[in-house]
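2 protein chains.
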Amino acid sequence: MKSKINFRIATQNDLDKIVEMLSDDILGSQRERYEQPLPNSYKQAFDATSSDPNNELVVACYDNEVVGVQQITFTPYITHQGGWRATIEGVRTSSSVRGKGVGTELIKYAIQRAKERECHLVQLTTDKTRPDALRFYERLGFKSTHEGLKMKI
Amino acid sequence: MKSKINFRIATQNDLDKIVEMLSDDILGSQRERYEQPLPNSYKQAFDATSSDPNNELVVACYDNEVVGVQQITFTPYITHQGGWRATIEGVRTSSSVRGKGVGTELIKYAIQRAKERECHLVQLTTDKTRPDALRFYERLGFKSTHEGLKMKI
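So the sequence lines, in the order shown, correspond to chains U and X. Mapped onto this note's numbering, the consecutive letters of the first sequence carry residue numbers 2 to 154. Mapped onto this note's numbering, the consecutive letters of the second sequence carry residue numbers 2 to 154.
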């Protein structure tokens, strides 16, 4: 299956499937609103992401069907001698392909894009209630060196 | 002292002091290069940050002297119903004022900016080798709900 997966920047037409995937998840089901019509906030975020050269909303496709999503943000930082970083967020795969390596391919693609954008670091945070996700990222070579702190405002 | 601290966007003239503060730190001393002239990568990162409406390199000033720095990045995300987040990075205070609450005021300022930019979340990662920093952020109301994963590339 792996060789048949390809990646592209999401279009407005993918938004419905993206929100469906984000919602089809224990944590996502509590915080997303997958309904018709989609809440306008998703469209606004899509427009903001799409028009920002430092954000890429990426979909994974298999047989022309969207089966995965992730958002990659490229940020110029003063720290680390002024190094750019890539931050990965919102990684989800369609339940129809779960366990088939699409998630791994998504992350590998993000790492490739980070290299193309001359980042020195790829980073993400993963909820401590997802031990499987932590192991998944550690297998891919991520190091759990930091605490990920959040504050709702 | 608190009431006399003010905040502004950093200018090119602040860059030397900023890099000095980033370097004057156990972890920073290993990864920054505070030398004259400053490595060009800092200037490039400063230009990239300054020209990006979603990045703010902020300095804290006391008596017109720069005594603290942080970078705030605003990111539109598809997740959380298309919510914007503010990410704080590179928080440092001058050793001349350490312990006087400048760090607290910096973070409070970042939270204020996040609210002004209509973010729903403020986030940061802190190195697990800095237990004092973790306690500092938890006292300010951050929750250590996530693992912060990094991969050097």
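Simulated from the structure, these hints should not be mistaken for laboratory data. Virtual Cβ for every residue (Gly too), placed ideally from N, Cα, C. Some hints here could point you the wrong way.
With a straight-line cut-off of 25 angstroms between C-alpha atoms, the simulated DSS-like cross-links for lysine-lysine are [what the hints assert, rightly or not]:
#	chain 1	residue 1	chain 2	residue 2
1	U	K129	U	K109
2	X	K129	U	K44
3	X	K5	U	K151
A partial selection of chain X residues facing chain U, derived with a Cβ cut-off under 7 angstroms [to be verified]:
#	residue
4	L23
5	S24
6	P54
Checked hints:
At roughly 22 angstroms between alpha-carbon atoms, K129 (chain U) and K109 (chain U) fall within 25 angstroms of each other, so this suggested pair holds. At most 25 angstroms may separate the alpha-carbon atoms for a hinted pair to count; K129 (chain X) and K44 (chain U) exceed this at roughly 37 angstroms. Note on K5 (chain X) and K151 (chain U): the hinted pairing is violated, with a Cα-Cα distance of about 28 angstroms set against a maximum of 25 angstroms. With a least beta-carbon distance of about 6 angstroms to chain U, the hint placing L23 (chain X) at the interface is held under the 7 angstroms criterion.
Against a cut-off of 7 angstroms between C-beta atoms, the interface hint on S24 (chain X) is violated, since the closest Cβ of chain U lies about 10 angstroms away. With 7 angstroms as the threshold, the beta carbon of P54 (chain X) stays out of range of chain U, its nearest partner Cβ sitting at about 9 angstroms, so the hint is violated.
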